Amino acid sequence: MTKRTLTGKPMHWAAELYAKEYRAGRMSRREFMSYATTFGMTAAAAYTVAGIRPAHAGGHIAAGGTLRCQMEVHGMTEPRLYQWSEMGNQTRGLLEHLVQYNADGSFTPVLMESWEINEDATEYRLNLRQGVKWNNGDDFTSADVAANFEGWCDTSIEGSSMPGRMGSLVDPDTGMMRAGSIETPDDHTVILKLPTPDITIVAGIADYPAAVVHRSKVGVNHIDEGASALGTGAYMLEDYSVGEKSVWVKNPNHTWWNAENGAFLDRVEFIDYGTDPATILAAVEAEEVDMVYETTGDFVDILDGLGLSRSEAQTAATIICRPNAITEVDGMKPYADVRVRKALAMAVDNAIVLELGYASRGNVAENHHVSPIHPAYAELPPMPVDPAGAAALMEEAGMMEYEHEIHSLDDGWERDTTDAIAAQLRDAGFNVKRTVLPGSTYWNDWQKYPFSSTTWNQRPFGTQVLTLAYTSNAVWNETGFANEEFDQVLAEANAIADADQRREKMRRLEEIMQENGVIIQPFWRSIYNHTVEGVVNAEMHPQFEIKYQYIGMSA
Amino acid sequence: MALFILRRFGVMILTALVLTFIVFSLTNLAPNLEKVAKFEGNVRMTDEQVASWLDRNGYNQPVLKRYGEWLGVAPGWTHMEEDGLRGRCIETGMDPADAPTFCGVLQGDWGKSTVFKDDVGPIVAERLGLTGKLMFWVMVLMVPSALLVGVLAGMREGSRLDRSLSTFSIASTATPEYVSGVIFITIFASSATGLKWFKGTATAAAENATFENFFLPVLTIALYGMGYIARMTRASMTEVMTAQYIRTARLKGVSFRNIVVKHALRNALIAPFTVIMLQFPWLLNGVVIVETLFNYKGFGWTLVQAAGNNDIELLLACSVVAVFVVLVTQLISDIGYVFLNPRIRIA
Chain A
103 MTKRTLTGKP MHWAAELYAK EYRAGRMSRR EFMSYATTFG MTAAAAYTVA GIRPAHAGGH
163 IAAGGTLRCQ MEVHGMTEPR LYQWSEMGNQ TRGLLEHLVQ YNADGSFTPV LMESWEINED
223 ATEYRLNLRQ GVKWNNGDDF TSADVAANFE GWCDTSIEGS SMPGRMGSLV DPDTGMMRAG
283 SIETPDDHTV ILKLPTPDIT IVAGIADYPA AVVHRSKVGV NHIDEGASAL GTGAYMLEDY
343 SVGEKSVWVK NPNHTWWNAE NGAFLDRVEF IDYGTDPATI LAAVEAEEVD MVYETTGDFV
403 DILDGLGLSR SEAQTAATII CRPNAITEVD GMKPYADVRV RKALAMAVDN AIVLELGYAS
463 RGNVAENHHV SPIHPAYAEL PPMPVDPAGA AALMEEAGMM EYEHEIHSLD DGWERDTTDA
523 IAAQLRDAGF NVKRTVLPGS TYWNDWQKYP FSSTTWNQRP FGTQVLTLAY TSNAVWNETG
583 FANEEFDQVL AEANAIADAD QRREKMRRLE EIMQENGVII QPFWRSIYNH TVEGVVNAEM
643 HPQFEIKYQY IGMSA
Chain B
97 MALFILRRFG VMILTALVLT FIVFSLTNLA PNLEKVAKFE GNVRMTDEQV ASWLDRNGYN
157 QPVLKRYGEW LGVAPGWTHM EEDGLRGRCI ETGMDPADAP TFCGVLQGDW GKSTVFKDDV
217 GPIVAERLGL TGKLMFWVMV LMVPSALLVG VLAGMREGSR LDRSLSTFSI ASTATPEYVS
277 GVIFITIFAS SATGLKWFKG TATAAAENAT FENFFLPVLT IALYGMGYIA RMTRASMTEV
337 MTAQYIRTAR LKGVSFRNIV VKHALRNALI APFTVIMLQF PWLLNGVVIV ETLFNYKGFG
397 WTLVQAAGNN DIELLLACSV VAVFVVLVTQ LISDIGYVFL NPRIRIA
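Chains as they are written, first to last, in the working numbering: chain A, 103 to 657; chain B, 97 to 443.
Possibly wrong hints are sitting among the right ones.
[Said to hold, decoys possible] Capping the alpha-carbon separation at 27 Å, the derived lysine-lysine pairs in DSSO-like fashion look like this:
#1 B:213 - A:649
#2 A:435 - A:535
#3 B:229 - B:208
#4 A:347 - B:292
#5 A:535 - A:550
#6 A:347 - B:229
#7 A:352 - B:161
#8 B:161 - B:229
#9 A:347 - B:161
#10 B:229 - A:352
[What the hints assert, rightly or not] Distance ranges between label pairs, derived from CB positions:
#11 A:318 - B:144: 53 to 63 Å
#12 A:389 - B:354: 16 to 26 Å
#13 B:275 - A:531: 32 to 42 Å
#14 B:214 - A:220: 47 to 57 Å
#15 B:121 - A:490: 47 to 57 Å
#16 A:657 - B:241: 45 to 55 Å
#17 A:531 - B:306: 50 to 60 Å
#18 A:578 - B:232: 43 to 53 Å
#19 A:378 - B:263: 26 to 36 Å
#20 A:389 - B:232: 23 to 33 Å
Everything labelled a hint here was simulated from the structure, so no lab data went into it.
Every value quoted in this text rests on a predicted model; they were computed, and no experiment measured them.
Ideal Cβ placement from N, Cα and C applies to all residues, glycine included.
Input sequences plus hints: build the corresponding full structure.
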């Protein structure tokens, strides 16, 4: 008999509720996995409830071997400042997380054995894994975890995205962790006490900047430490040259806690081929890599044709093309008028954008940034595509003569997608000018462009991205959208409620987004990677995670 | 002669100073500094965070002062922080009291690269080494074949051989690297044609260059320069072949072969020598494209990375290197010219 919860204790009432909802068909399998495991249900039990058997990679994995993976090798920082998934992937074999997010939507413990959430999601009890050691021989204890949480809550660290994930653990007055919100009753237990309910903490600490470091190494760039960098993982750094290559090797002087189930490879090399897919293709043709980080656009078919095996992840990663309501252009705010914004959205057929911009490799989205794979997604009636109506609305707003300048990145599909949108706006009779900028320049002003495209990665819960990007005081608000009702409904949706009530809240949020023409969101991307024959456990992860400690070569 | 060389070095240093100052002021414009801050901190930093970052890292000073710091004639900035004194010359983990006041180029400190997170000196040295390797093979391929083509074409002006070789030279010079490189990759390195004789990327060549992975980039650069040198050699050769002494030799009944090898060749090679030396700066140009195309991490590729990310100190070092390469090759060509051509020595 498998345990139903990680702790072996009775199931959290919310998890029971989700199971009921799932059985009644009111919840998708993926959202059930996310929610149930967040509340401490084991993935195995969740699978049993969901009536499915998890897919396991077939065949045996041989010990040893070298994996050569194409991936950008960025200049590194301390983990809290990581801003690309690639950076998280580098240290993933050295620094582990408390919990991981899986491609099926579930959360499974890594450096924890289990966790429990109290009735109203204000208290988290984290039971740490016993017997885990740092590679210098120190025991991994609750002191390490407490030090990490304190570091994650520190808002004085410029560019740290962790405080946003810590929610109400951060004291807005001091900008540090709220006093008394963490307790360590013994070496292997950590208790978090939150002033308000929050169910996104587990998702937050599964994300790549939340790599757990040694208590004495908070805020340290672990690449600078070289081979002596402290970590709990099975690998150590051999060489790191930015823009070129990094080499990780199995640490011979350290016994990894999960050595029976992983650490197959002796050596992992990440090789940088830049961002041009043609160069990456050349590397594959030259047989210089065994695995590519991500395959985009037409190259998916090309790499298929070369006999590589493809893996796909459906995601809530997306691109949005948004006007900014508060940006001034020549002394006026062109997009402050809701009619202008709605006219723009009305003139664009998202299905066409998906076809032209991303070769139909994804699902059409509905301009509200809540994905069907998110828990609590509510289906709205289809949006009308009406260029004539859009022109009439634009005319009414007196903006027909205005020239819209749309900025975008010059990377392949981002550019193509924005071009497809611009073309449709021109068809509706609007004046459109396109400006294409390289990434190094583009991101300087990404929030301030009057009209531009931005890519967003997926987050496990639908409300996370709404909180990050669309509330009136959000740090990453790029639309200038500020709506009291939206803020309030979102706050209500963040507290636990049963799925039907929560879905009602979500429906309202989605409606507000559409009614206000906040964004043009053409599609949700499916993402792909390719590996050569014989590489096992390297499937595409929806958040681009490469857990090389579990990758191996088939025997 | 010594004075001449000395004067040349003076010009070189002056040029380097002027050029680096221009690069320095351009890279230190406010929007570029914002870019640096966001690159170093986080792309999603707010304006206040950017301002505080720039202040803490010494970017908020007059440009001249900062240029002086880079040069090593102005004292490095210091900044009091909660965890002690921070400053340009204070390395992490160093006691501020031990830190030198000046740390610039004059003290041998080229600064730190923000992109590569390492000292600029070793980075530039290593990348130049890689580009040197590329250049060496380019020269080995380009110079002899260019001279051969030029001499063959120039022997008999207007002959069929001349016409076909000239067409080839003009075609190769007229095809920029980014066109020929892409064509070569498609034909010789991809499954599109199925040939796959070579590799379409030279990434592995940095450590272990083989004919397979290194030939295409070498060929791409060499072809471009080759046409130009061949044309120059041809012009010089035809001129020599119409000279009085060649006609005399012919009238005396010297064989055509001997006329070319013994009498014409040496004189015909004076002009191409200058051209070949001038090719070095041109090649620096070409490697920027070819190294990026073939993902070979040499000097050109580094320059692209530095410029794309506004890596101030690396860009400055690259400019110094560029000035140095241009002026040194000119110096060598001037001196070499004197030795090759006695007329200049006498005049």
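Results for each hint:
1. Pair hint residue 213 of chain B plus residue 649 of chain A holds up; C-alpha atoms about 25 Å apart against a cutoff of 27 Å.
2. Between residue 435 of chain A and residue 535 of chain A, the direct Cα distance comes to roughly 17 Å. Compliance with the 27 Å bound is thereby established for this hinted pair.
3. Note on residue 229 of chain B and residue 208 of chain B: the hinted pairing holds, with a Cα-Cα distance of about 25 Å set against a maximum of 27 Å.
4. Between residue 347 of chain A and residue 292 of chain B the CA atoms are separated by roughly 25 Å; this keeps the pair inside 27 Å, and the hint holds.
5. Among the hinted pairs, residue 535 of chain A with residue 550 of chain A is consistent with the structure: their alpha-carbon atoms are about 17 Å apart, no more than 27 Å.
6. Proximity of residue 347 of chain A to residue 229 of chain B is assessed by CA-CA distance (about 20 Å); at most 27 Å being required, the pair is judged to hold.
7. Between residue 352 of chain A and residue 161 of chain B, the direct Cα distance comes to roughly 48 Å. Violation of the 27 Å bound is thereby established for this hinted pair.
8. Proximity of residue 161 of chain B to residue 229 of chain B is assessed by CA-CA distance (about 38 Å); at most 27 Å being required, the pair is judged violated.
9. With a CA separation close to 36 Å, the supplied pair residue 347 of chain A and residue 161 of chain B exceeds the 27 Å bound.
10. The straight-line distance between the Cα atoms of residue 229 of chain B and residue 352 of chain A is roughly 33 Å, outside the 27 Å bound, and the hint therefore fails.
11. Restraint check, residue 318 of chain A to residue 144 of chain B: a C-beta distance of roughly 31 Å breaks the suggested window 53 to 63 Å.
12. Taking 16 to 26 Å as the suggested C-beta distance range, the pair residue 389 of chain A and residue 354 of chain B does not conform, at roughly 52 Å.
13. For residue 275 of chain B and residue 531 of chain A, the hinted distance range of 32 to 42 Å is satisfied, since their beta carbons lie about 39 Å from each other.
14. Residue 214 of chain B and residue 220 of chain A have their C-beta atoms about 49 Å apart, which keeps the hinted 47 to 57 Å range intact.
15. A hinted range of 47 to 57 Å holds for the C-beta pair residue 121 of chain B and residue 490 of chain A, which are about 53 Å apart.
16. A C-beta distance of roughly 51 Å is found between residue 657 of chain A and residue 241 of chain B, which places it inside the suggested range of 45 to 55 Å.
17. Under the hint 50 to 60 Å, the C-beta atoms of residue 531 of chain A and residue 306 of chain B, about 59 Å apart, fit the expected range.
18. Judged by the Cβ atoms, the range 43 to 53 Å given for residue 578 of chain A and residue 232 of chain B holds: they are separated by roughly 50 Å.
19. At roughly 33 Å, the beta-carbon separation of residue 378 of chain A and residue 263 of chain B lies within the given 26 to 36 Å, and the hint holds.
20. The given range of 23 to 33 Å is respected by residue 389 of chain A and residue 232 of chain B, whose C-beta atoms sit roughly 26 Å from each other.
Checked against the numbered hints above, the structure violates hints 7, 8, 9, 10, 11, 12; every other hint is satisfied.
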